[in-house]
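Colleague: In order, the protein sequences belong to chains A and B. To convert, note that position 203 of the first sequence is 203 in my numbering; the numbers rise steadily by one, no gaps. Take any residue in the second sequence, note its place counting from 1, add 430, and you have its number in my numbering.
Incorrect hints may have been included.
[Said to hold, decoys possible] Quick list of the computed label-pair ranges, beta carbon to beta carbon:
no. : chain 1 : residue 1 : chain 2 : residue 2 : range
1   : A       : G389      : B       : R684      : 23 to 31 angstroms
2   : A       : L316      : B       : R471      : 54 to 62 angstroms
3   : A       : G394      : B       : K483      : 56 to 64 angstroms
4   : A       : E169      : B       : K733      : 29 to 37 angstroms
5   : B       : S495      : A       : E366      : 26 to 34 angstroms
[Said to hold, decoys possible] Straight-line Cα separation of at most 30 angstroms, DSS-like style, residue types lysine-lysine; simulated pairs:
no. : chain 1 : residue 1 : chain 2 : residue 2
6   : A       : K12       : B       : K539
7   : A       : K217      : B       : K445
8   : A       : K268      : A       : K305
9   : B       : K666      : B       : K624
10  : A       : K268      : B       : K450
11  : A       : K224      : B       : K539
12  : A       : K348      : B       : K778
13  : B       : K654      : A       : K15
14  : A       : K20       : B       : K666
15  : B       : K581      : A       : K217
16  : B       : K647      : A       : K15
17  : B       : K647      : A       : K12
18  : A       : K224      : B       : K698
19  : A       : K109      : B       : K723
20  : B       : K539      : A       : K20
21  : B       : K542      : A       : K348
22  : B       : K698      : A       : K217
23  : A       : K12       : B       : K778
24  : A       : K109      : B       : K445
25  : B       : K711      : A       : K348
26  : A       : K236      : B       : K542
27  : A       : K236      : A       : K151
28  : A       : K12       : A       : K268
29  : B       : K647      : A       : K151
30  : B       : K666      : A       : K15
Please keep in mind that the hints were generated in silico from the structure rather than gathered at the bench. Virtual Cβ for every residue (Gly too), placed ideally from N, Cα, C.
What follows is the residue order along each chain.
2 protein chains.
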Amino acid sequence: MDVVEYTDRLLKNAKESSRKIASAGSLLKNRALEKIAEDLRANKQQIISENKKDLNTAAEMGLSSSVIDRLTLTDARIDDMADGVMTIVGLRDPVGEVLDGCVRPNGLKISKVRVPLGVVAIIYEARPNVTADAAALCLKTGNATILRGGKESIHSNVAIYKVIESALESAGLDKRCVQVMETVDRAAVDILLKADEYVDVIIPRGGESLIRAITGKSTIPVIKHYQGICHTYVDKFADLQMALDICVNAKAQRPATCNAMETMLVHKDVADSFLPESIVKLREAGVEIKGCKDTLDVLTRHKDKLPDNCIDDIKLATDEDWATEYLDMVLSVKVTQSLDEAIDHIAKYGSAHSDAIVTENYANAERFTAEVDSAATYVNASTRFTDGGEFGMGAEIGISTDKLHARGPMGLPELTSYKYIVHGNGQVRG
Amino acid sequence: MDVVEYTDRLLKNAKESSRKIASAGSLLKNRALEKIAEDLRANKQQIISENKKDLNTAAEMGLSSSVIDRLTLTDARIDDMADGVMTIVGLRDPVGEVLDGCVRPNGLKISKVRVPLGVVAIIYEARPNVTADAAALCLKTGNATILRGGKESIHSNVAIYKVIESALESAGLDKRCVQVMETVDRAAVDILLKADEYVDVIIPRGGESLIRAITGKSTIPVIKHYQGICHTYVDKFADLQMALDICVNAKAQRPATCNAMETMLVHKDVADSFLPESIVKLREAGVEIKGCKDTLDVLTRHKDKLPDNCIDDIKLATDEDWATEYLDMVLSVKVTQSLDEAIDHIAKYGSAHSDAIVTENYANAERFTAEVDSAATYVNASTRFTDGGEFGMGAEIGISTDKLHARGPMGLPELTSYKYIVHGNGQVRG
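So that you can see chain A by itself, here it is in the shape it has in the complex (with noise of 0.2 angstroms):
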């Protein structure tokens, strides 16, 4: 079979299951999922065998140390995969909940009640957790999935669908409500990606250039989750202390994920007392700086509070400094004059994601909060909070930096739609 006939059955498979697994009960879609823990621990050992040859075709190809950890797979992995299906298990189904409702004045009844989105398309690059996790999420959600991951990643994802595949039909589902994409041919995602007859959302869930590539040919709408470049600004009227500890832990605890701080702001009045000691923190936290004039200019005069050389070790940083998401231990730095130019660099710079403000101040805090356009804003706390799982959404598709349908962490909700049914009894418009 050609790749556009294979594309087009997937397709067809996935509209026509949808009108399946959208009216399919909680208690039947949780049964499924419950097969589906029980089933990737059953036969972790064909999944493991399976990612070995993706790890061999990486060696071979030479990918770095970093993508072949995401891509391996060991038995603890496989628990994490199947205990994260059963975490979707235990949480509220939202598909039938009533939004909102109201008896107009002619008696006509309407409701807003959740329904599934119909398809969804996740297109993903290396971790295979991604194939049982959105599979699960959308399963949950009554939704149809096709999953496109990456060709890295191709035997492991295709061993992980079997599984669901064969639980699906064992827990009396169409299985063909969770497909994922059998070849790496490109052509299949163009076909994919066009396809606004069958498909009602794509997710890309990868680098920005895995993103833009896919919005630029995409008919389809598209939730996107660009880069995260958070920034923390240290107030005049900050606790000192709490900035330095939440500085260090959105900077440091896990710098490669979206929700950490790239950039440092710090008002003029407390750079003085503020940052020498929170740059020797940073570099004992294994951070490199990248600093404004102004930031260099105050270290200099605060040598004696510094390491020898470490002077020597920060850089000028640029302006493309401020607009890098670096996802490693690096950090810029910058002096800033008043609350309105944090403000304004953040909207500059900033990619929206998720800014915190450091103070003491109530009126700095409601503006920063109300001010800053980012999906969380926050005050006095770490912004690696960004995540479903801390939001309490038990679990999560993506977190979104486009402001329709969804905004930062997506949990279940995120995944639906809603319908209005309305009930009358002959009326007509007059």
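Position chain B against the provided structure of chain A, taking the given hints into account.
Modeller: Frame of chain A, contents of chain B only:
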């Protein structure tokens, strides 16, 4: 100034002013809206004389009388426009509404708060009243707007815009929060559609080809309103008198609207009792009928109940008819063997806009509303009610056939996004 420079400035103006309008209070926004309404009434003659220029061009170009009608502004129509703006003053401002919130076990207080989308671009055809409507809806919801009307209405749109602009200024708002593109150069639209750095959402209002072209080109999320191929299914258990009233209303009350019925589905068991009378009534209302083979057979059997030659006027419906939005006094009629066949027909040919069942049977009503995946599903009422006003929204920016973000009639809340505001007291992630 060339078109690139011009569009660039427009985009930057919108983005800059969006930060200001986002935090403007309801009082200030309402004052500006009242001033707009007042100034529209005060400047009628100026607007009408600019409208004449468009009408002259339209006449020269030989545009159809329906286009010319939609384009024409009169005293009364400008009053309607101003009344529309005043209606929006009276609606509740959704910005700032707390949608959800919790305290996490670590003490973080999370609230999910409604905020403006940011910059909304509206691309529309013909009717110049959209300029005032859309500007007012976006202003009320704290969004900056870029309005791009059709070239047929450029003078009218600019005249209305000038009134709005000066009203904004005298109300003390940044006048750049509403901008009309004063060029008809298509290059300006092409730049706009790729300006994802500046624009948060595109809302096209117009025919399907306009919307498809925009969706194909845009890298910005588009809220679409495709066609409305709406069905009414007359069930075996229908109250046939009610079915008759509903079908005539759904088809003939205003056939050019997207919520008008295009196909009537009739269960075989009631075809003999329902079809002859309903066809007579529909024809009396001026509706041309296209029927399936069974429809023609039924009518032929009941020839005596129909006017002379009636049967000869009824064409056989083709596959194309089932998929056509006539927007006119034409109706496709199909006899179905079962509720299932009706639901399948709607899934295959419908446009997921508005579909109705007429029935007295509880189970069939429940199945129809659950299984028909449309923005609005009706039991025993006309599909003509799918409308912001009829749904109690007070105002409508369009009817979305998308499932993402907004579905069905879009009121003020659909012009907003949300953000998470998180208050802590030093929390860091462990």
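Colleague: All hints, please: hold or fail.
Modeller: Each hint tested on the structure:
Look at G389 of chain A against R684 of chain B: about 50 angstroms separates their beta carbons, and that is not inside 23 to 31 angstroms. Evaluation of the 54 to 62 angstroms hint for L316 of chain A and R471 of chain B yields a pass: the beta carbon distance comes to about 59 angstroms. Evaluation of the 56 to 64 angstroms hint for G394 of chain A and K483 of chain B yields a pass: the beta carbon distance comes to about 60 angstroms. Under the hint 29 to 37 angstroms, the C-beta atoms of E169 of chain A and K733 of chain B, about 53 angstroms apart, miss the expected range.
Look at S495 of chain B against E366 of chain A: about 56 angstroms separates their beta carbons, and that is not inside 26 to 34 angstroms. For the given pair, K12 of chain A sits about 45 angstroms from K539 of chain B by alpha-carbon distance, which is inconsistent with the 30 angstroms threshold. Between K217 of chain A and K445 of chain B the alpha-carbon distance is near 25 angstroms, which keeps this suggested pair within the 30 angstroms criterion. Pair hint K268 of chain A plus K305 of chain A holds up; C-alpha atoms about 18 angstroms apart against a cutoff of 30 angstroms.
At most 30 angstroms may separate the alpha-carbon atoms for a hinted pair to count; K666 of chain B and K624 of chain B exceed this at roughly 51 angstroms. Using a Cα cut-off of 30 angstroms, the hinted pair K268 of chain A and K450 of chain B holds, with the two alpha carbons roughly 26 angstroms apart. Under the criterion of a C-alpha separation no larger than 30 angstroms, the hint pairing K224 of chain A with K539 of chain B is consistent with the structure, at around 26 angstroms. A threshold of 30 angstroms between alpha carbons decides the hint, and for K348 of chain A with K778 of chain B the separation of about 47 angstroms lies outside it, so the pair is violated.
Distance check on the hinted pair: K654 of chain B and K15 of chain A sit about 20 angstroms apart at the alpha-carbon level, within 30 angstroms; holds. The straight-line distance between the Cα atoms of K20 of chain A and K666 of chain B is roughly 24 angstroms, inside the 30 angstroms bound, and the hint therefore holds. Note on K581 of chain B and K217 of chain A: the hinted pairing holds, with a Cα-Cα distance of about 28 angstroms set against a maximum of 30 angstroms. Between the alpha carbons of K647 of chain B and K15 of chain A the distance comes to roughly 25 angstroms, so the proposed pair stays at or under 30 angstroms and holds.
Pair hint K647 of chain B plus K12 of chain A holds up; C-alpha atoms about 26 angstroms apart against a cutoff of 30 angstroms. Between K224 of chain A and K698 of chain B the CA atoms are separated by roughly 48 angstroms; this puts the pair beyond 30 angstroms, and the hint is violated. The suggested pairing of K109 of chain A with K723 of chain B is violated, with an alpha-carbon distance near 36 angstroms, which exceeds 30 angstroms. The straight-line distance between the Cα atoms of K539 of chain B and K20 of chain A is roughly 39 angstroms, outside the 30 angstroms bound, and the hint therefore fails.
Annotation: proposed proximity of K542 of chain B to K348 of chain A holds, straight-line Cα distance about 24 angstroms (limit 30 angstroms). For the hint pairing K698 of chain B with K217 of chain A, the CA-to-CA distance comes to about 46 angstroms; that exceeds 30 angstroms, so the pair is violated. For a cut-off of 30 angstroms, the pair hint linking K12 of chain A to K778 of chain B stands: about 12 angstroms separates their Cα positions. Distance check on the hinted pair: K109 of chain A and K445 of chain B sit about 40 angstroms apart at the alpha-carbon level, beyond 30 angstroms; violated.
A threshold of 30 angstroms between alpha carbons decides the hint, and for K711 of chain B with K348 of chain A the separation of about 63 angstroms lies outside it, so the pair is violated. The suggested pairing of K236 of chain A with K542 of chain B holds, with an alpha-carbon distance near 27 angstroms, which does not exceed 30 angstroms. At roughly 50 angstroms between alpha-carbon atoms, K236 of chain A and K151 of chain A are farther apart than 30 angstroms, so this suggested pair is violated. Restraint check for K12 of chain A and K268 of chain A: the C-alpha separation of about 61 angstroms exceeds 30 angstroms, so the hint is violated.
Between K647 of chain B and K151 of chain A the alpha-carbon distance is near 28 angstroms, which keeps this suggested pair within the 30 angstroms criterion. For the given pair, K666 of chain B sits about 28 angstroms from K15 of chain A by alpha-carbon distance, which is consistent with the 30 angstroms threshold.
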